[in-house]
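**Student:** The chain contents come next:
Protein chains: 2
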Amino acid sequence: MAATQPARGTRDFLPDDVRRREHVAGIVRAVYERYGFEPLETPAFENIETLLGKYGEEGNQLIFKILKRGEHEKSGEADLALRYDLTVPLARVVAEHQGKLPALFKRYQIQPVWRADRPARGRFREFYQCDIDAIGSTSPVVEAEILGAVAEILERLGFRDFVIRLNHRQVLTALLDTAGVLPAQHGDALVALDKMDKIGREGVAKEFAARGIAEAAGAKALSYFTSADPGTLLPGHQAIDNLSAIVQLAGMTPAAGRIRLDPSLARGLSYYTGAIMEVAVEGIGSLGGGGRYDNLIGMFLGRDIPACGFSLGLERIIVVMTEREMFPAAVTHGAVDVVVTFLDEGSRGDALKLATELRGAALRADVFPEVARKFEKPLKYASARGARLMAILGENERAKGEVSVRDLTTREQTAVRRAGAAPAIAALARRRTEN
Amino acid sequence: MAATQPARGTRDFLPDDVRRREHVAGIVRAVYERYGFEPLETPAFENIETLLGKYGEEGNQLIFKILKRGEHEKSGEADLALRYDLTVPLARVVAEHQGKLPALFKRYQIQPVWRADRPARGRFREFYQCDIDAIGSTSPVVEAEILGAVAEILERLGFRDFVIRLNHRQVLTALLDTAGVLPAQHGDALVALDKMDKIGREGVAKEFAARGIAEAAGAKALSYFTSADPGTLLPGHQAIDNLSAIVQLAGMTPAAGRIRLDPSLARGLSYYTGAIMEVAVEGIGSLGGGGRYDNLIGMFLGRDIPACGFSLGLERIIVVMTEREMFPAAVTHGAVDVVVTFLDEGSRGDALKLATELRGAALRADVFPEVARKFEKPLKYASARGARLMAILGENERAKGEVSVRDLTTREQTAVRRAGAAPAIAALARRRTEN
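Top to bottom, those sequences are chains Z and G.
Using my numbering, you'd call the opening residue of the first sequence number 1 and step up by one each time.
Using my numbering, you'd call the opening residue of the second sequence number 1 and step up by one each time.
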């Protein structure tokens, strides 16, 4: 007998899991569509050269590689690799299909990615990413629209207590320069700064020292990063003007009042060139982040195209919403409205007929497929399906021209005329929903 | 500069492609939900032992295998493999989660699978499958419900000219026995019979001969298979009773009048044990098929559980619907309702504000992010997005307290008051949609 576990670090998504994800993804899609973003999907695997070298040395190690087929299988050579994120495939698509895409290409993409990370609590080898990107404009309108859409999504999902942290890659560079941190140490400094949430100010100071940053420069940089207003530190700097424009424009969208300029926000990815942003919820941390990256697409296209994107942490959002019980009950309860049960062979055909009528009345109807000689089995089944009502057809009902209807919560049983049973049962189901 | 093609045999799904697929999948999901089926999703890869040996020798060759990670990578050993169909993962899930699933588990699953087939026109290495299966009952109600759901889906998609071919594995066996085909030759005979559509009656007769089936037996079998009514050939056979029950019960569902008993229907897969079925459209051929397989789940569970399933040919349906222009225009046209354009920097903030108001009025609104010094660029963009209207804000409009609205089809330009602009523009957009 074969083993039955899913592969290490992956999950089976049972019906309630799929429904929770679809609830969130449905809101995400609806909002992004309303902001003019269009859906894109790319293949699960890419030619291996498309991915190798795009995610740094560590990333290369974590890419799942696919064996060449046929006679090459024995060679152990890999020619394909599983999608590692949604950004590199997007860059490839923009280069490949540029003639078919609008000058400003706004796309959203919700698909799984695969990383050979060591599995841990909340860290999987297969997980969904949920990205939007706008390709083709340097205007701060792009950042403002992205922040507006993200804020609207979180509000519609039921989050009330989120803020958007905003910073700029050039602000970080300018502050490090002003503090006297050597240019060659900027990368190290940002990696350390990115951990501020986790290790605190003292922890960052220690990391600065460990990475050979002079104590005075490090201390100065830290005081800059934790100051409230980067504008007074860098008067007239174009990055500050850019941030001001973004804040002003985002004020016209659902992101209004949510944005906090935060000079300590670093974001790990090295490809950002402009504004960087992160959505955080009190007591939970980041639910997503993004920024402007004007040079990445050039890797495939041969010339740079401005771009700005945001990735919502779909998996994290689902975990938090589950913990906080933010899903509407209808998402995970009551997959079926009515289970139709027949008590004798002679009622079997009419049971299917009734189910067809109930479906025509927009109910989700299920037929218990066996003759219910003992009543327990269909009752247990109906309860496992979360059904509200059971419609019962047997010899008695046939003789009287009726259908018995049992409310599975109150256990009350009533009868409705067989002719016109579907609308009558639909009315009962709706009454149950409203209570 | 990196290559930009997707991997061989795979496709990028641009926005219109995703929308077409989502239109079909949305109807499929809605109907299956109404029939009491629940969504399931399984990981893209499985432990390699889960898949190897389940699809025959040819299948083993076509499975994409994933290299072990880390130090093992050099060994060329594979420990994971990409999903090859949705049935084996379902059998694994039923065994793994049996305690959590209802006694009758009805699931649908729409996910991609991967096969290292030689790519050809209409044959891809990554393609979507769309399966329903009901696990846990031998009742013909199950077959009838599945056929009812499939018929309703095809009708809702706009197919009028489809029939459901129905046969039974045991009918095939009994007819071959009666004709005098040796039991050891049954497998070969069914493989040949399965090609009837492609190679015709004479072609099948030739294949019979080539596979060593005695001429008289082969001719007799062929005359049975092409006879109209298997019931007169096998009076009182339990498979005939089963088919009669399915036809009678399916007559109570949207499959009514669609079913043709067809003793020549063989279906390739060897794991079927009972009824087998196929949906065919005149001039196009099969759009999907399925049947009862009561022994497959035992591979993972250690004891048999009755099961019946149907797989809709999602990719084929999309191709046919595209060729026949069966998609509603709204699916692929007009991804955006309004593009908001600003003519000077001073109108930029108000452009975002107007877009926010338009989205609040349920319109899909986009902001052209640059100052439109030349009008051509935003016009070209709006047309590439399929927008119906353009809302224009500039110095003139600001002075008058107005928004200019341009109908991009008629090129008429009107003005609406800035206060209350959103509902006025929404009304114009709706008028455009109705025309």
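Keep in mind that the hints were calculated from the coordinates and are not lab data.
Any given hint might turn out to be false.
Any copy will do: because identical chains look the same in the list, a pair fits if it lies in one copy or spans two.
[Unchecked claim] Quick list of in silico lysine to aspartate or glutamate cross-link-like pairs, DMTMM-like style, CA-CA up to 20 angstroms: (1) 400 <-> 345; (2) 68 <-> 117; (3) 68 <-> 79; (4) 198 <-> 96.
**Student:** Evaluate each hint against the coordinates.
**Tutor:** Results for each hint:
{"no.": "1", "hint": "400 <-> 345", "result": "within (17 angstroms within a copy, 77 angstroms between copies)"}
{"no.": "2", "hint": "68 <-> 117", "result": "between (23 angstroms within a copy, 13 angstroms between copies)"}
{"no.": "3", "hint": "68 <-> 79", "result": "both (6 angstroms within a copy, 14 angstroms between copies)"}
{"no.": "4", "hint": "198 <-> 96", "result": "neither (40 angstroms within a copy, 38 angstroms between copies)"}
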